[in-house]
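Please dock the two separately framed chains into a single complex, following the hints provided.
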Amino acid sequence: MAIMKRMVFLSALFLAVTAFCFAQAPRAPTITYMEGTVTVDGRPAAIGDAVPLGSVVVTSAQSLADIEFSARNVVRLSANTTLVFNPRNLLTGSELRLGALTLVLKNLSAGTAAENFLVRTPTTVAGVRGTSFFISVESPTSTYVCACNGAVQVLGPDGSVLKELVASHHKAVRVTGGVGTPQVTDAPMLYHTDKDLEAVASDIGYTINWNVVDQ
Amino acid sequence: MGAQIRTAKSMLSIASRITAMAVCALIAGCPLATNQQRPRSGSLETAPLVNRSVLLKDAKGATLGYVAETSASAVTVFTISGYFVSLSWDGTLTDGMCWYTGAEGTGTPFTIAPETDRLFGFSVSISGKPYVAAEVDGNGRAVADRSITGFQSYHPARGGAVDLAGAVPAGHVAYALRAATPAELGLPPVIAPLRQLVFK
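So the sequences go chain by chain: A and B. When the letters of the first sequence are read in order and numbered with my numbering, they come out as residues 250 to 464. When the letters of the second sequence are read in order and numbered with my numbering, they come out as residues 6 to 205.
With the rest of the complex left out, here is chain B (with noise of 0.2 Å):
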């Protein structure tokens, strides 16, 4: 098949192709992955996590990864290191929130997810610099860190630290963070805005 390409400016209107493919997918049996938060088991040699059909690139021609999910405002990608980004349409990455075992953002900064939950390719944006987590299996899987069981302050998506503790839910655990670089997730340094879908 040959590739196609569309400019910024179609990127929303092929949107409900994307989830038709999406769609597809499920049907066919590919694992697919339809949530950051929620990501399916697998290795990144073996199981396609996401609809390997739709790569995404930047203005400049830098492959960010493959598309995952997008909405209005964002669009999440597995990135060729393995990690699920969220990015806004202008190339930013998009501010998740975080929680931290000290007051006013200090301490260790750690994610909190329903025990069930199997955290692969985790990475969030606080403040614009990238966070992955702290420890990972040999499956690339998060490892949970036990010993949070609560938090001093926590980052929203928007707006500072907010100082308000509590605990851990129950059936939830934590994840320490740590920071990581662009490099390491597989991005460029500097992202120009998101300008070209590639259906492969």
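So here's chain A without its partners, still in its complex pose (with noise of 0.2 Å):
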């Protein structure tokens, strides 16, 4: 009798240790919810696929796709974009070469070598430290960068700051002039709602506090 409590005790204790052990160990970043037709690296996605770093991310007309990485991060993916996604490289950033991003980032230094996260336009770099913004490519030459919840650097392609974006609410500028000369702008609330925002959030468990700039 003894030998069976101490072997269901073991039994337990090596679950429990199981258990903490995968709750501890960092997710890869994953697509959560999708609609419509997604792609990463060429081939259809479906929700649960893995997005491997430096793996490129295509949303088609009327399609959506939301990655969760670090637990408590979540990019959207709106209908015709094209990303590379690449939260890790700090160099280069993740590359939004077309469409439109919604960020909801509340967990950066866990899973990034550092706590910033960069998104790099053909115009613009935005970079952020835990904070919700949406970033969307006009043309070659626009990008628009909303400060939803929180701070957003907007940079230069040299990285020099061109504009320091800190808003409870949305705070918006559109990036011109493509390469070498670009040119910063206020511009008006655009692509996007409250409501997107908190949808977003709400895939992490989130919610936003518009009264209360998150940074």
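No wet-lab data here; the hints were simulated from the structure. Glycine residues also receive a C-beta, built at the ideal position from the N, C-alpha and C atoms. Check before you lean on any hint, since a few could be wrong.
[Stated by the list, open to error] These stretches of chain B come out as covered by chain A in the derived footprint (C-beta under 8 Å, 3 or more residues):
(1) 75–83
(2) 91–102
(3) 116–123
(4) 163–172
Put into structure tokens, the structure is as follows:
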């Protein structure tokens, strides 16, 4: 009987340790939600698929995809978006070639090489530290960036700071002019709504407080 | 199947159940609206845009509509009149945003959506007052107003109108809005806090 009890105890201990280890293991970037047609490196994707770092994620018309990474970070690709997903590469960042992204980042330091997250577009680089923001490539010479709730550094292609956006409720700029001569102008709210942000935030169980700047 | 009733205290805990039902509906090929801004095509009579198995009632027992989407702060229902309406759990309309052809929130209010979207049963609340598409076709879809190409101000979901002009972005179109009444949306004049989800 004593041996039986010991075996049960050891089994329970083993299960507990295993569960703890799995709970602590960093989760690979994963598609947690999608609509329509989405590909990862040219292959059709499905909910639950891993998104390897450096892979090219493409959404078609009337499609979208949510990628969760490092537990409490999520990026939503709008329709007609092409993203080179590279959150760990702080030299080049992730590259938004076409379309738009909505990001809610609540746990950068745990999953990235540093605390910043960079999104590079044809005209600018947006650097953020734990915030909710939206970025859209309007054309090869125009990028729209909105600090929806938090702080976003808008950088030129050479890494110089063009503008620091800090807002509790949407502050947007448009970066135009292409490489070498970027111009930054204030922009109205376009392309996204509070509801869109809240929906993405709810993916990671986060509720945006629109009265406080998230930094 | 017998109906089950839950109180407001357990609403959030059953949100996951709704999500699971939505997934089941999708697997079964049943069209399901997942985003107020991205409704699917169809007609009121034949196309269940939402999973018609979860009905939302307020604290006074008034039926508000079928649940299309839930979050911690709001629920979107598909009303008996065929509109998607976003409500806070306290029963108030959840404010959205719109743009204006004039400065300081004057002129024609309108919404902007990608050209490829089909706005079905669209409604939005601005400062607590409901608005719907000014022109709708025979299938209940909003008709774009292509004469609107830019705006002088806009109204974000919070705060007052912002005077910052801009153009309707490429690949997007404007839909003029008009004020509507709760009755037109299929809602009671006053909505009590939300209390009941009825699983059919």
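So, going through the hints one by one against the coordinates:
{"no.": "1", "hint": "75–83", "result": "holds (count 4)"}
{"no.": "2", "hint": "91–102", "result": "holds (count 4)"}
{"no.": "3", "hint": "116–123", "result": "holds (count 4)"}
{"no.": "4", "hint": "163–172", "result": "holds (count 6)"}
Checked against the numbered hints given earlier, the structure satisfies every one of them.
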